[in-house]
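Protein chains: 2
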Amino acid sequence: MIKIGFLGPKGTFTHEALRGYTKSRSEYVECDFGTIADMLVSVNNNEIDEAIVPIENSIEGGSIISNTLDMLAYEVDLKIKAEIVLKVAQNLLVPEGVGLSDIECILSHPQALGQCRKYIDKHFPGIMLKATQSTAGAALEAARSGAKCAVIGSASLADVYGLKVLEHSIQDTDTNETRFIVVSKTDGERTGRDKSSIAFSMEEDKPGSLYRILNIFNLWDINMTRIESRPTRNKLGKYIFFVDLMGHRLDEDLRDALTMVKRKTSFYKFLGSYPMAGSREITQ
Amino acid sequence: MIKIGFLGPKGTFTHEALRGYTKSRSEYVECDFGTIADMLVSVNNNEIDEAIVPIENSIEGGSIISNTLDMLAYEVDLKIKAEIVLKVAQNLLVPEGVGLSDIECILSHPQALGQCRKYIDKHFPGIMLKATQSTAGAALEAARSGAKCAVIGSASLADVYGLKVLEHSIQDTDTNETRFIVVSKTDGERTGRDKSSIAFSMEEDKPGSLYRILNIFNLWDINMTRIESRPTRNKLGKYIFFVDLMGHRLDEDLRDALTMVKRKTSFYKFLGSYPMAGSREITQ
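Just so you know, the sequences run in chain order S and X.
284 is the number that the working numbering gives the last residue of the first sequence; the numbers go up by one with no jumps.
284 is the number that the working numbering gives the last residue of the second sequence; the numbers go up by one with no jumps.
If you are wondering where the hints come from, they were derived from the structure by calculation, not from laboratory data.
It is possible that part of the hints are untrue.
No farther apart than 30 Å at their CA atoms in a straight line, the calculated lysine-lysine pairs in the DSSO-like style are these [stated by the list, open to error]:
hint, chain 1, residue 1, chain 2, residue 2
1, S, Lys118, X, Lys185
2, S, Lys264, S, Lys118
3, X, Lys118, X, Lys130
4, X, Lys164, X, Lys118
5, S, Lys130, X, Lys10
6, S, Lys238, X, Lys238
7, X, Lys81, S, Lys3
8, S, Lys130, X, Lys185
To list a few chain X residues with every Cβ distance to chain S over 12 Å, as calculated [claimed, not checked]:
hint, residue
9, Met1
10, Ile2
11, Gly34
12, Asp102
13, Asp121
14, Gly137
15, Val160
16, Lys164
17, Arg179
18, Gly208
19, Glu228
20, Pro231
21, Tyr268
Remember, it's a predicted structure, so these values are computed and weren't measured experimentally.
Each residue gets a CB set at the ideal place from its N, CA and C atoms; glycine is no exception.
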């Protein structure tokens, strides 16, 4: 049995992503964790085999993106083996017996409330909003409290907490994609449609130093799908770069380009090759 | 009186940063907000004058970095007028009468718990950890509950919630810098030691397109202090880049470089020039 960790509680979008990833894999056991750090350390110490973590545009309370990247760069020796992209829709959920006109307050995670701001302003002007630690926390509170409160969150919260979906897809912008990665001790096998992630930094911190690294990708004709700079730990004014590239480490072009990047940087860490995700929609 | 918004409750690190920013300015009125989105819209609608928001390495529950950048790029027409960098230290706080050996549980925001993971494992192995929506929420709960719970958070929480600091600076890494920005309708005046922020995207999404833009900064010898790509809203596979540069929009070099960037991009938005922050330490 493969043990896979996720950031609980059940019913969050991370849990949704996990259900998509492990759908056809009956050998998976889900392990609920309180923090991303604990989960990654558990994989590093072989207590669990894999962990699923949000990496972009996260909407759960405890999941902070920078933390995940920093841990992969500095603290653990894990590889990315898969990515999952979810189109996330927000929904208005209520306890049984509560109708649209009964709603006296709306509970959710602050970012979920933020994503539905225009909807709330239009349909519930001046209503009491209550921020909770997670969308699942909001669902639990609404289900238990007996108050006439609606919850904003994923439709799967309805099943888990005994709520019903009153309105579908109430977020202000059409699509809201969230990216998750699965990390383990080994990365993904070559499929022919892969991505690779690296982290690096340069000794020098002057104009053109990043430009010279990106020139390597330009020369080998490798597309970059993501770049992020972050201050390195303990030193202000020096940066670590997280870059996602098209290709697998076994592809000749990417292998040669990464060899050159390693040579031209003062810190370099390969974070894994993995199949590129299609965007999967949470159907409501 | 200048009205400035911050993400409450009082005692969070955002509130700390605000107190540093407005220290010598008695004309400021602080306005507590529940979400970053509400706060930015309030500035946009002239209901308040300025807002302070975390932008990197945020540790408060409701403050999601991507949300702030996306709103500045797409939804509001505001400029960055200041940045504030805080060295954040985590502390162990307890209600009066509770000593080290009495502590039965530890409350905090999940990322604050994560930042002190090694400390907790060493000094409180197996202790019950409870995640709260914010460090201030943890302090409030500890102060009210009467249970023998410690809180991890800023020292200023002790004043606000009547706790005492048992242990100083318990985070796992030495320095943990958090960056905040102040946004308003106008950006900052030229000081000679300034930064500027821009957002842009390119029509084409192929190898070398970002490289060609960065070449502009290389040619004009302009240093880049931050770069981040994010998927553009509503389209997967196209990216918006957020870049911070050294210099003020009134500096000739930067002005000419930005004119060229605007010409070479399909979307361009100038987000403001502002004095570069020194790192300010929260003394404990």
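Hint check results:
no. : hint                : result
1   : Lys118/S - Lys185/X : holds (22 Å)
2   : Lys264/S - Lys118/S : violated (48 Å)
3   : Lys118/X - Lys130/X : holds (16 Å)
4   : Lys164/X - Lys118/X : holds (22 Å)
5   : Lys130/S - Lys10/X  : holds (17 Å)
6   : Lys238/S - Lys238/X : holds (28 Å)
7   : Lys81/X - Lys3/S    : violated (48 Å)
8   : Lys130/S - Lys185/X : holds (29 Å)
9   : Met1                : holds (25 Å)
10  : Ile2                : holds (25 Å)
11  : Gly34               : violated (6 Å)
12  : Asp102              : holds (23 Å)
13  : Asp121              : violated (9 Å)
14  : Gly137              : violated (8 Å)
15  : Val160              : holds (19 Å)
16  : Lys164              : holds (26 Å)
17  : Arg179              : violated (8 Å)
18  : Gly208              : violated (4 Å)
19  : Glu228              : violated (5 Å)
20  : Pro231              : violated (6 Å)
21  : Tyr268              : holds (18 Å)
Hint check: violations occur at hints 2, 7, 11, 13, 14, 17, 18, 19, 20; the rest are consistent with the structure.
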